[in-house]
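S.K.: Once you've looked at the hints, dock chain B against the given chain A.
Order-wise, the sequence lines are chains A and B. Each residue of the first sequence is one higher than the last, beginning at 90 in the numbering used here. Each residue of the second sequence is one higher than the last, beginning at 5 in the numbering used here.
FYI, nobody ran anything at the bench for these hints, they're computed from the structure. Incorrect hints may appear among the rest.
Listed below are several chain B residues computed to face chain A (Cβ distance under 8 Å; list not exhaustive) [as the list claims (entries may be wrong)]:
1. A21
2. N23
3. K101
4. L102
5. G105
Derived lysine-lysine pairs resembling BS3-like cross-links, with alpha carbons at most 25 Å apart [unchecked claim]:
6. K142/A <-> K7/B
7. K7/B <-> K73/B
8. K100/A <-> K146/A
9. K56/B <-> K73/B
10. K56/B <-> K101/B
11. K73/B <-> K101/B
12. K146/A <-> K7/B
13. K146/A <-> K159/A
14. K159/A <-> K101/B
15. K146/A <-> K101/B
16. K101/B <-> K7/B
17. K159/A <-> K142/A
Between beta-carbon pairs, the in silico distance windows are [as the list claims (entries may be wrong)]:
18. G33/B <-> T175/A: 33 to 43 Å
19. K100/A <-> T60/B: 37 to 47 Å
20. D15/B <-> K159/A: 44 to 54 Å
21. K100/A <-> D71/B: 39 to 49 Å
22. H130/A <-> P11/B: 35 to 45 Å
23. H44/B <-> T94/A: 14 to 24 Å
24. L84/B <-> K142/A: 39 to 49 Å
25. V101/A <-> T69/B: 47 to 57 Å
Beta carbons: idealized from backbone N, C-alpha and C, even for Gly.
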Amino acid sequence: DAGITQSPRHKVTETGTPVTLRCHQTENHRYMYWYRQDPGHGLRLIHYSYGVKDTDKGEVSDGYSVSRSKTEDFLLTLESATSSQTSVYFCAMRPATTNYGYTFGSGTRLTVV
Amino acid sequence: DAKTTQPTSMDCAEGRAANLPCNHSTISGNEYVYWYRQIHSQGPQYIIHGLKNNETNEMASLIITEDRKSSTLILPHATLRDTAVYYCIVPNFGNEKLTFGTGTRLTIIP
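Isolated chain A (complex conformation) (with noise of 0.2 Å):
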């Protein structure tokens, strides 16, 4: 969507490597968020960021860590990566003013084999 990217789109990866999904956003907002979405559990928040080097987990963090150090990145990291983390991953942003109005990006399809 507009004023936000996510790479890369598709990522193959092996058991036990360490992978990193980007999150960029050109509106300056103060929240970002992330999700994964699998099949029959609608999308799920990993992390979510209120501010540069400010952030907390979500329901299922186990597994993940997340880095902001610009207000326009925030990045997640799967540190040793499972096939139980195949999944799509979906990266959010909010300006600080509204509750409302979360605009995602085109997700991350990541294969873990």
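M.R.: Here is chain B on its own, set in the frame of chain A:
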């Protein structure tokens, strides 16, 4: 977050109004109702939100009952491009995070 209940799936004829219901009987007085949709394999898209008054924008209308325990999203003239999963969300007041359930899969029939 307040629990929401939506039908798993619905069909609607192209050109007709699509009415998507959502029950949120545990909603608190200061909690908003948000609607998003997700078209196949894309990221979710914000549609509309409301507190207690009916709301309308260029995409849809939101009707909230007087007791606020349920709401209906209305797509006035559904097109094939409205085929998507629609999510009704009621986050706890002050909650900075949206929790998505499994939503309603709306299929527009030609």
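S.K.: Would you mind marking each hint as holding or not holding in the structure?
M.R.: Hint-by-hint comparison with the structure:
A cut of 8 Å between beta carbons decides the hint on A21/B: the least distance to chain A is about 24 Å, and the hint is violated. Hint status for N23/B: violated, given a least beta-carbon distance of 22 Å to chain A, over 8 Å. At its closest, the beta carbon of K101/B sits 6 Å from a beta carbon of chain A; the interface hint therefore holds under the 8 Å criterion. Using the Cβ-Cβ criterion of 8 Å, the hint placing L102/B at the interface with chain A is satisfied: the shortest such distance is roughly 6 Å.
The criterion of a C-beta within 8 Å of any C-beta in chain A is met by G105/B, whose closest approach is roughly 5 Å, and the hint holds. A distance of roughly 32 Å separates the Cα atoms of K142/A and K7/B; the hinted pair therefore is violated under the 25 Å criterion. For the hint linking K7/B to K73/B, the alpha-carbon distance of about 11 Å falls within 25 Å, and the restraint holds. With a C-alpha separation of about 24 Å, the suggested pairing of K100/A with K146/A holds against the 25 Å cut-off.
Distance restraint check for K56/B and K73/B: the Cα-Cα separation of roughly 10 Å lies within the 25 Å cut-off, and the hinted pair is therefore satisfied. Using a Cα cut-off of 25 Å, the hinted pair K56/B and K101/B holds, with the two alpha carbons roughly 21 Å apart. For the given pair, K73/B sits about 21 Å from K101/B by alpha-carbon distance, which is consistent with the 25 Å threshold. Only pairs whose Cα atoms come within 25 Å are accepted, and K146/A paired with K7/B is accepted, the gap being roughly 21 Å.
Of the pairs offered as hints, the one joining K146/A and K159/A holds, with about 19 Å between alpha carbons and a cut-off of 25 Å not exceeded. For the suggested pair K159/A and K101/B, the alpha carbons sit about 21 Å apart, so the restraint of at most 25 Å is met. Restraint check: the Cα-Cα separation between K146/A and K101/B comes to about 11 Å, which is no more than 25 Å; the hinted pair holds. Restraint check for K101/B and K7/B: satisfied, since their Cα atoms lie roughly 14 Å apart, inside the 25 Å limit.
Proposed proximity of K159/A and K142/A is supported: the alpha carbons are some 8 Å apart, at most 25 Å. As the Cβ distance of G33/B to T175/A is approximately 42 Å, the hint placing it in 33 to 43 Å holds. Separated by about 41 Å at the C-beta atoms, K100/A and T60/B satisfy the suggested range of 37 to 47 Å. About 46 Å separates the C-beta atoms of D15/B and K159/A, a value consistent with the hinted range of 44 to 54 Å.
The beta-carbon spacing between K100/A and D71/B, approximately 48 Å, falls within the hinted interval of 39 to 49 Å. A hinted range of 35 to 45 Å is violated for the C-beta pair H130/A and P11/B, which are about 18 Å apart. About 20 Å separates the C-beta atoms of H44/B and T94/A, a value consistent with the hinted range of 14 to 24 Å. In this structure the supplied range 39 to 49 Å holds for L84/B paired with K142/A, their Cβ-Cβ distance being about 45 Å.
A hinted range of 47 to 57 Å holds for the C-beta pair V101/A and T69/B, which are about 48 Å apart.
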